[in-house]
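So the protein lines, in turn, are chains A and B.
So the first sequence is numbered by the numbering used here: it starts at 1 and just counts up by one.
So the second sequence is numbered by the numbering used here: it starts at 1 and just counts up by one.
FYI, nobody ran anything at the bench for these hints, they're computed from the structure.
Every residue gets a Cβ at the ideal spot worked out from N, C-alpha and C, and that includes glycine.
Certain hints may be false.
To be verified - Restraint-style ranges between C-beta atoms, simulated for each label pair:
{"no.": "1", "chain 1": "B", "residue 1": "Gln9", "chain 2": "A", "residue 2": "Leu55", "range": "41 to 51 Å"}
{"no.": "2", "chain 1": "B", "residue 1": "Thr81", "chain 2": "A", "residue 2": "Asp63", "range": "37 to 47 Å"}
{"no.": "3", "chain 1": "A", "residue 1": "Glu68", "chain 2": "B", "residue 2": "Pro39", "range": "28 to 38 Å"}
Each chain is listed here by its residues.
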Amino acid sequence: GAGVSQSPRYKVAKRGQDVALRCDPISGHVSLFWYQQALGQGPEFLTYFQNEAQLDKSGLPSDRFFAERPEGSVSTLKIQRTQQEDSAVYLCASSLPGSYYEQYFGPGTRLTVT
Amino acid sequence: GQQVMQIPQYQHVQEGEDFTTYCNSSTTLSNIQWYKQRPGGHPVFLIQLVKSGEVKKQKRLTFQFGEAKKNSSLHITATQTTDVGTYFCAGPDMYSGNTGKLIFGQGTTLQVKP
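So that you can see chain A by itself, here it is in the shape it has in the complex (with noise of 0.2 Å):
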């Protein structure tokens, strides 16, 4: 079956420019997370959906990032006013009820701010 789409794939923004990230997760799976991953590291929390209601944003960098879900399904992250240290890959996730755990990601849209 399908797994979890995003996008763009890629995105060039320039300084102070705001960007949307798309993610349509698996059909089916309640739970729906956001990672920033920087080369060489591993992801790194971002925030965490079930269905429609966001559950935790504790790890959003700072007050530009925002993210909904308002159906319960496609999810966006947005960026405003975009910096170079924004520069990353965006993943998004989605995972089973009760297997919060095997998360299934997609590919990722790499954001580079220039």
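Let chain A serve as the given structure and place chain B on it in line with the hints.
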């Protein structure tokens, strides 16, 4: 804060040699996950370990969870070029309850020379 550390960071082996990566947590873990990320790809779930001292095998891969549930290892017997990639361990965030929030190690990157 809670940390998950992996050693070594890089390992180059000749095809057919064995490989081991070690994962250590600063806190006792309720479970531990292992993921594999191929070059240019996204993390793929390999396995979850839950019990103290647990050993699980997947073909040439052997996963162990330490008795104190603070460390884990992944051993690959007779490496093949298809084993190339970065192996991450990940443990649950102890402050978040059972939400799926994972703390990833920095990974061990395996290169296999044919």
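Hint check results:
| no. | hint | verdict |
| --- | --- | --- |
| 1 | Gln9(B) to Leu55(A): 41 to 51 Å | 33 Å, violated |
| 2 | Thr81(B) to Asp63(A): 37 to 47 Å | 46 Å, holds |
| 3 | Glu68(A) to Pro39(B): 28 to 38 Å | 32 Å, holds |
Consistency note: the structure conflicts with earlier hint 1 alone.
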